[in-house]
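Spelled out from the first residue to the last, the chains are:
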Amino acid sequence: METIPLLRELSETSGLAGLEAPIRALVRRLWGPLVDELREDGLGSVIGLKRGSGPEPRPRLMLAVHMDEIGLRVMEIEKGFLRITRIGGADRRVLPGTQVVVHGRRDLPGVVGMRPPHVVPREQRKKPVPWEELFVDVGLPEEEVRKLVRVGDPITFDRKLVELKNGLVTGKALDNRASVAAATLALEQLGRIDHAWDVVAVATVQEEVGLYGAATSAYSVAPDLALAVDVTFGQQPGVPADQSFPLGEGPTISLGPNFHPQVVERLKATAEAQEIPYRIEPTPGRSGTDAWAIQVAREGVPTGLVSIPVRYMHQPVETVAVKDVERAARLLASFAAGLEPDFQPRWED
Amino acid sequence: MRDLIRKLTETYGPSGFEDRIRAVIREEVESLADEVRVTPLGSLVAVKKGTGEGRRIMLAAHMDEIGVMVSHVDEKGFLRFTAIGGVNPLTCIGARVQFENGTLGVIGIEGKREDRSKVPTLNQLYIDVGATSKEDCPVRVGDAAVFVRPFAEQGQRLVAKAMDDRIGCAVLIETLRRLKKTQNEIYFVFSVQEETTLSGARTAAYGIEPDLAIAVDVTGTGDTPEARPMAVELGKGPAVKVQDRGMIAHPLVRDLLVKAAEAAGVPYQMEVLEYGTTDAAAMQLVRAGVPSGCLSIPCRYVHTPSEMVDEGDVEGAVKVLIEAVR
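Line by line, the protein sequences give chains A and B.
Residue numbering for the first sequence follows the numbering used here, starting at 1 and increasing by one per position.
Residue numbering for the second sequence follows the numbering used here, starting at 1001 and increasing by one per position.
The hints are simulated quantities; they were obtained by calculation from the structure and are not laboratory data.
Possibly wrong hints are sitting among the right ones.
[Claimed, not checked] Listed below are the simulated SDA-like cross-link pairs for lysine to any residue, each with C-alpha atoms no more than 20 Å apart in a straight line: (1) Lys1076(B) - Val119(A); (2) Lys268(A) - Val1139(B); (3) Lys1134(B) - Ile280(A); (4) Lys1134(B) - Ala196(A).
[Unchecked claim] Quick list of simulated restraints, FRET-style, between CB atoms: (5) Glu163(A) - Gly1246(B): 45 to 51 Å; (6) Ser1306(B) - Ala273(A): 44 to 50 Å; (7) Pro341(A) - Gln1156(B): 38 to 44 Å; (8) Pro341(A) - Val1258(B): 51 to 57 Å; (9) Gly1108(B) - Gly89(A): 32 to 38 Å; (10) Val1258(B) - Ala273(A): 25 to 31 Å; (11) Asp1074(B) - Glu142(A): 57 to 63 Å; (12) Pro130(A) - Glu1262(B): 52 to 58 Å; (13) Lys1049(B) - Glu249(A): 53 to 59 Å.
If you're wondering where the values come from, they're calculated on a predicted model, not measured in any experiment.
Heads up, the beta-carbon is just placed ideally off N, CA and C, and yes, glycines get one too.
With the rest of the complex left out, here is chain B (with noise of 0.2 Å):
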């Protein structure tokens, strides 16, 4: 799984932006699925039939990734941006971005701060791409960029950019590769804009009308130095969400997951989420309610450039989820 995962980090698509990374994952489900389809706003869904006596199954995982957006090109081609969903100053500084059209840009700082102690805010930073002007420069504004950083392995350890949630794309194309007939129609569900709106997975279980939903994305975790409180770990399988910042996980369905990593022998976490959510969040206010729920990869450095999770805690989610949808 780590040459999926590999291409999956190191391809281009920030929200809005998700034609490269949909073109990639469709050239790996496309023969594993019975039907592939682009909802209107963009999602990819890969359709595994049934035997037609089961339930309707959504799995969603989002394709999209945080990223930078120009807003402002200034006279000697320095340019100004926005965030694409949860972007820390933090991490900026010194970090490289890549544009669509191939265009590398390194963030700076400015150098007259009043207060050098304090984080400082994107307006007091800007993108350099070389450019010695606003004619010469190779992008214009609302054109966007996502952070640039190669996969890299480390033992169990899987460190790239984008992990969120590309990762959850590597199990729910996983799970669909070893997946044999079951009499449920499972919906593998691709979604687009989850980093700022959700709106992919939303729009996309209003066509599907699932009977349950999944979804399969990264969480926090309390493992590192001086952590907030959490009891997920690294390393300790995938997490059953309870609850995060935007939902409460369905009881049915936090336990069908719970039931599958018994029954699969999997170890996993209960995961209680202080902030952030997912697709499962949107998911479950669509049309009359979906009972939805979350399988959760463990992730350190959530929206750097360097998320980091461990491969056992991602075959753990395969096997969990392919007993969760039988």
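Isolated chain A (complex conformation) (with noise of 0.2 Å):
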């Protein structure tokens, strides 16, 4: 599978917190093939399995990348105008200018407007734009627009994934789908070599709004061992080096409480056996990922994190260098692979 035609459609496809339908209909064509078995939960979690060569009972290793986005909703309809607010944390400071999709009765393209510089004091325009003034026009009048849009109907960003210079590429969504990317080609390359372990892909939602779907899937898979992938923060003007990470220099692999220290350290021993450049991500509490929600399932679940760095989260314009996602997924597939039929983290060794 090329990379970048797999980045572009899981970036330009739909799929809010809560509203996953036609991303999850992707996924489920991607994994397909890959997979033995292939289901949903009961919050629309998608769940492949992947059999391991070991003897049964095998011992299951569940992958988690969170598969929804964060976006607008309908709030109220006011002479034709759209009032909006926000699904998981969008960043309103981004909003005036950009090309949405209202999804209605059908789907409409429009635009996030505000009023012009002319007309703001000039104290307000030092501010970012209050919720209540951001508004959406779809251009229609107010009874076409009645007639095709309700209260609570979803709005997603209409941006076209682009490829920058020096192996970045740049879109909506990449938080998470760059990771769904990764799992994607980590099942394809597992489907190459040997593991004695099953491989529980799930494509989890609503994480952007308090990691409900992880919770629930790590609670109906009951996996041995769990990865999360998602992604972090990467360098940029502005933000701290000590809070950050290159673009193009690999995954990071989370260190903490939320983390088995035994799935950190074959982590970095799997990144260093295949020669993937890593950073140690410091977590010194809950990690805000899947893998907390993963972690304090059951009994608890022995958790690892693997982040791709990623420019300008949470804003329609997320970049991250595409040989980071590849690495992500051959370390996830090597570490799969790596996994002994009578492996099982420990605390007393």
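Reconstruct the complex from the two isolated chains, following the hints.
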């Protein structure tokens, strides 16, 4: 599978938290040929089982990537314009001037507008526009809008994936479609390499609003070990160097209470054996990712977290290095293939 | 019990790095319990079997402590750090910290702060381990340290770092030591990761499926100069939790503890805490819900390197617990 076309299709498909149907259909189509069984759980996460070669009962490795994205929702209709609120952590500072798709009775193109700078008092121009002042214009008169759009309808960003120089791509929803791409590539690689453990890939829902898909799917999968893959802060102007990671220099491996030390050690050893560059990401509390919800499922699950650095997180211009996605994929596949049939993370060795 | 408290409080064990403190506690409980095991997240569970007719009771004290984690090493070998749990920048300046490999560090503060009258943020502090460059720095990004402070005794008052919640661990160990066989099956859980996420007690409770759960942890007091009003004092006995920021204690468990204190003739206090919470908040939400409560040890200066408790309160807590689980 070619990485950039895969990233393009994943990025451009819509799938807001709680409204993941389009991206779910795509993930099912991508994973269907790569796994032995495919199902959905009660909240809509996609669960793909790829059986291992070890003796039964085989331990299970869960690979979790959230497929939902942040976006907007219609709050009310005012003289034909749509007042909006957010789904997940959409950044209102970068909304004015964006093109969107309003998912009404049919999809409608729209733009996020605001008052022209000429009529905004000087002191207000310095501040980000409050939600109450933002609106979406689909160009239709009030009665037409009311026929096609209802309060609560979702709105997604209309953004094509673009290749920047130096192996970077930019687009919407690369948080966390970059990781969905990595998991997809890893599943493809696992078709070619032997792995003793069952690998259960899960495309989780509703991460952006509370890690709900990971919590319920981890309960249902009951894994012996789990890896979550998500994005982390890429280095960019204005973000401290000790809280961000350079693009193109490999994924991060998180270290801290959320993660089992033996899982962290194995990830590091795997990366070193495969000559995959990586950085350590210190994470002193809960990680804010699916890894936390999975770690505390049932009696607790030894968990690790691999992250792909992304610039401009939660803005419609999220930017990643293609080779970091590919490296994350190789790290996942090699980690899975390296699990011995009788390996079980322990505390007192 | 003082030697035990000394040993427990002086051992290293920030959230997520509990290997050493677990080994120390295991050594204490191994010969006292019928079974000792470790959960997938690393909590230590010591089981005291019952006669078979009783209930399953879970007692939880967390063995992790607050600390700091290295986030960056600069060219000159100075470390920037982030907090593991609730670390107050005010108690950091001039403090000493120790890493798992024994490396000692001193916390310094940037001299060029704009407004020196303001409380500094953790970003303005650094750890100096005596290194001269990134290369000769003996610790790495992701390594964790705890505050260093020897255990001290002053009459009835005991002072140490990590009384929160090694004092709870001491109470559990002492309870296990003195408790005769009962009808109940009792699970003494030394939980991990309370200070960050309550993850250890939550997952241990899933595995144990208790009929009833009691956390043993420290609570604040209102008996110091210009303190926030709170009707808990040091030396007036253990406190029975009514409510904190994370939970309302189950009335059944609350009353059980009150009756136990009265039956044991131990003075006790009722506790309403306006900040913080304990493992009990996580345990009560496990599976279909577990009636949960908390027996608290009053503690001054919580989350500083000099947490102070009263030995009489600690002794009282052991007596109440023994009576409650019988």
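Hints and how they fare:
Only pairs whose Cα atoms come within 20 Å are accepted, and Lys1076(B) paired with Val119(A) is rejected, the gap being roughly 52 Å. With a CA separation close to 17 Å, the supplied pair Lys268(A) and Val1139(B) stays within the 20 Å bound. With a CA separation close to 16 Å, the supplied pair Lys1134(B) and Ile280(A) stays within the 20 Å bound. As the CA atoms of Lys1134(B) and Ala196(A) are separated by approximately 41 Å, the hinted pair breaks the 20 Å bound.
Checked against the hint of 45 to 51 Å, the C-beta distance between Glu163(A) and Gly1246(B) comes to roughly 48 Å, which is consistent with it. A hinted range of 44 to 50 Å holds for the C-beta pair Ser1306(B) and Ala273(A), which are about 47 Å apart. Range check, Pro341(A) to Gln1156(B): about 57 Å between beta-carbon atoms, so the 38 to 44 Å window is missed. For the pair Pro341(A) and Val1258(B), the supplied restraint of 51 to 57 Å holds, since their beta-carbon distance comes to about 53 Å.
At roughly 35 Å, the beta carbons of Gly1108(B) and Gly89(A) sit within the given window of 32 to 38 Å. Between Val1258(B) and Ala273(A) the beta carbon distance is about 59 Å. The supplied range of 25 to 31 Å is therefore violated. For Asp1074(B) and Glu142(A), the Cβ-Cβ distance of about 60 Å falls inside the hinted range of 57 to 63 Å, so the restraint holds. At roughly 57 Å, the beta carbons of Pro130(A) and Glu1262(B) sit within the given window of 52 to 58 Å.
The beta-carbon spacing between Lys1049(B) and Glu249(A), approximately 54 Å, falls within the hinted interval of 53 to 59 Å.
Taken one by one, the earlier hints fail for this structure at numbers 1, 4, 7 and 10, listed in ascending order.
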